[in-house]
Each structure stands twice: as C-alpha cells, then as structure tokens.
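**Q** Sequence:
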Amino acid sequence: MAALAPSSANVSLWGADASYTRGPWDVRAEYLSVTRDAIATSFAGSNGVEILPDLKLEAWYAQVAYSLSDITSHPVLQKVEPVVRYGEYKVNGLDELAEEAAE
Numbered sequence: 002m003a004a005l006a007p008s009s010a011n012v013s014l015w016g017a018d019a020s021y022t023r024g025p026w027d028v029r030a031e032y033l034s035v036t037r038d039a040i041a042t043s044f045a046g047s048n049g050v051e052i053l054p055d056l057k058l059e060a061w062y063a064q065v066a067y068s069l070s071d072i073t074s075h076p077v078l079q080k081v082e083p084v085v086r087y088g089e090y091k092v093n094g095l096d097e098l099a100e101e102a103a104e
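In terms of the working numbering, the sequence shown opens at residue 2 and continues consecutively.
Bear in mind the hints are in silico, worked out from the structure with no lab data behind them. Incorrect hints may appear among the rest.
[Unchecked claim] Here are the computed distance ranges between Cβ atoms for each label pair:
| id | residue 1 | residue 2 | range |
| --- | --- | --- | --- |
| 1 | Tyr-32 | Leu-53 | 21 to 27 Å |
| 2 | Val-35 | Gln-79 | 36 to 42 Å |
| 3 | Tyr-21 | Val-77 | 25 to 31 Å |
Ideal Cβ positions, reconstructed from N, Cα and C, are used throughout, including at glycine.
Generate coordinates for the entire structure from the input sequences, incorporating the hints supplied.
**A** Laid out in structure tokens, this is it:
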C-alpha cells in the first residue's frame, strides 16, 4: 500500500446577488455555493498526511432597508436607515465547520 502524499483538489465557487432600490426602500439578496473535493493534506504539527472529506458550503441572506430621510426633517434622523436581515450558513463534510456554523 502506497503512502499518502499531499494532493490538490477541485474547488467550485459561484454566487449571485441582486439589489433593488426605489425611493426610500432598498432590497438586497445574495447566494453563495462552494464545493471542494476530498484532499490529502499535511500541516505543521500533524503526524503525516490526513484526508479532508468532500466539503460543501452554502450561504445566503436577504435584507430590506428603509431610509428615513424622506419622512423627517431632523438632521440626525434623516441619516437613520433601519434594516432587517436574515441569512443562513450551511456546511456539509467537515464536522468542525458544521458545529461552528450551527452556533
């Protein structure tokens, strides 16, 4: 049986984003997807070469904002923009990253 040697892996990353602004309203959304093949790697402090499994990451968010500049003449409030944002981050393939994403 041959010993493992560090290897390279194929990585695919793509994303899309959209935004729409009309008057005081601003709507935005973004999606990102990453896949990486399994890879044999070694690093400082390791005892040889280890296999990192296939990895899949997905992240997205959507947000809505409203500028108060059109509804008040108060100089400070004119610069206020309340924002509501929601997003998710999912990891499959590496338990340490999945646990961190779940927090």
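**Q** Work down the list of hints and note, for each, if the structure agrees.
**A** Each hint, compared with the structure:
A hinted range of 21 to 27 Å for the beta carbons of Tyr-32 and Leu-53 is consistent with their spacing of about 24 Å. Separation of Val-35 from Gln-79 is about 40 Å and conforms to the stated range, judged on CB atoms against 36 to 42 Å. Between Tyr-21 and Val-77 the Cβ separation comes to about 27 Å, which falls inside the hinted range of 25 to 31 Å.
Figure legend: structure checked against the earlier numbered hints; every hint is met.
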